[in-house]
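S.K.: Chains as they are written, first to last, in my numbering: chain A, 55 to 166; chain B, 8 to 122.
It should be emphasised that the hints constitute simulated quantities derived from the structure, not laboratory data.
Some clues are possibly wrong.
What the hints assert, rightly or not - Computed Cβ-Cβ distance ranges for the label pairs, DEER-style:
1. A:Glu120 to B:Leu81: 18 to 26 Å
2. A:Gln96 to B:Glu25: 21 to 29 Å
3. B:His17 to A:Gly157: 42 to 50 Å
4. B:His17 to A:Glu120: 27 to 35 Å
5. A:Glu120 to B:Glu25: 37 to 45 Å
Claimed, not checked - Calculated lysine to aspartate or glutamate pairs in the DMTMM-like style (CA-CA distance at most 20 Å, straight line):
6. B:Lys69 to B:Glu108
7. A:Lys57 to B:Glu51
8. A:Lys106 to A:Glu120
9. A:Lys57 to A:Glu112
10. A:Lys106 to B:Glu51
11. A:Lys106 to B:Glu108
12. B:Lys85 to B:Glu51
13. B:Lys85 to B:Glu108
14. B:Lys85 to B:Asp64
C-beta atoms are modelled at their ideal positions from N, C-alpha and C, and glycine is treated no differently.
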Amino acid sequence: DAKTTQPPSMDCAEGRAANLPCNHSTISGNEYVYWYRQIHSQGPQYIIHGLKNNETNEMASLIITEDRKSSTLILPHATLRDTAVYYCIVRLRDNYGQNFVFGPGTRLSVLP
Amino acid sequence: DARVTQTPRHKVTEMGQEVTMRCQPILGHNTVFWYRQTMMQGLELLAYFRNRAPLDDSGMPKDRFSAEMPDATLATLKIQPSEPRDSAVYFCASGQTGTGEHEQFFGPGTRLTVL
Chain A
55 DAKTTQPPSM DCAEGRAANL PCNHSTISGN EYVYWYRQIH SQGPQYIIHG LKNNETNEMA
115 SLIITEDRKS STLILPHATL RDTAVYYCIV RLRDNYGQNF VFGPGTRLSV LP
Chain B
8 DARVTQTPRH KVTEMGQEVT MRCQPILGHN TVFWYRQTMM QGLELLAYFR NRAPLDDSGM
68 PKDRFSAEMP DATLATLKIQ PSEPRDSAVY FCASGQTGTG EHEQFFGPGT RLTVL
């Protein structure tokens, strides 16, 4: 699986949009981009995934560049409960349910 | 709502003792994963089952760790004998192959302390 690079930490003001970047310059055409987050003392939680188009769900938006070498997770109106470690993962597209390889992620602190 | 459950949530034991952690995957899920999380190493995969068959346990110290799925509703991770370096949070996750393969559902974890 391609490796990802994320900033180790970021701050965001409550109510503002949080934009979390991820570089995955060696991503291949059949690898998806996934975002998970881990709130303190809890298990990781799925947020969103995408292949090449931008995606949006009730939690976040995922913007993938045209060359697919980087992406941004957007939390449109961050709340204190969004304080967590956010993991960007790229994984081969298959239907066999492989595991995710978690890196160090970005520690997002939402400040009041 | 459906969720992965893990027991015990906390375990303190002495070096050399056997530890067994249990996981109940979400009903209908056919993949189960065991991850371990420490401050130093982050989240690491220990073992992975699909349809109850072990597919990958390369992340697991074979001499002391064992993982099994006696049935579709129970996965176990056993450490014998335990060592202080095994202190970590152990997460179980389950998922579904095919259309559901994008999302894994994680349990709350078992926090293990080996003295």
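S.K.: Do the Cβ positions of Gln96 (chain A) and Glu25 (chain B) conform to the proposed distance bound of 21 to 29 Å?
M.R.: Cβ of Gln96 (chain A) to Cβ of Glu25 (chain B): about 27 Å, so the range 21 to 29 Å holds.
S.K.: Are the Cα positions of Lys85 (chain B) and Glu108 (chain B) separated by 20 Å at most?
M.R.: violated, 27 Å
S.K.: Decide if the proposed pair is consistent with the structure: Lys69 (chain B) and Glu108 (chain B), CA atoms, cutoff 20 Å inclusive.
M.R.: violated, 28 Å
S.K.: Checking one constraint from the list: CA of Lys106 (chain A) to CA of Glu120 (chain A), max 20 Å. Satisfied?
M.R.: holds, 7 Å
S.K.: Taking only the CA atoms, is the gap from Lys85 (chain B) to Asp64 (chain B) under or equal to 20 Å?
M.R.: Satisfied, since the Cα-Cα distance of roughly 13 Å is no more than 20 Å.
S.K.: In this structure, is the beta-carbon distance linking Glu120 (chain A) and Leu81 (chain B) contained in 18 to 26 Å?
M.R.: violated, 46 Å
S.K.: Do the alpha carbons of Lys106 (chain A) and Glu108 (chain B) lie within 20 Å of each other, as the hint requires?
M.R.: Holds: Lys106 (chain A) and Glu108 (chain B) sit about 18 Å apart, inside 20 Å.
S.K.: Check the hint pairing Lys57 (chain A) with Glu51 (chain B) against an upper bound of 20 Å on the C-alpha distance.
M.R.: Holds - the C-alpha atoms of Glu51 (chain B) and Lys57 (chain A) are around 15 Å apart, at most 20 Å.
S.K.: Range first: 27 to 35 Å. Now tell me if the beta carbons of His17 (chain B) and Glu120 (chain A) are that far apart.
M.R.: violated, 48 Å
S.K.: Please verify whether Lys57 (chain A) and Glu112 (chain A) have alpha carbons no more than 20 Å apart.
M.R.: Answer violated: Lys57 (chain A) to Glu112 (chain A) is near 27 Å, above 20 Å.
S.K.: Is Lys106 (chain A) within 20 Å of Glu51 (chain B), Cα to Cα?
M.R.: Outside the cut-off at roughly 27 Å; violated.
S.K.: Starting from the range 37 to 45 Å, see whether the pair Glu120 (chain A) and Glu25 (chain B) falls in it by beta-carbon distance.
M.R.: violated, 54 Å
Of the numbered hints stated above, those contradicted by the structure are hints 1, 3, 4, 5, 6, 9, 10 and 13, listed in ascending order.
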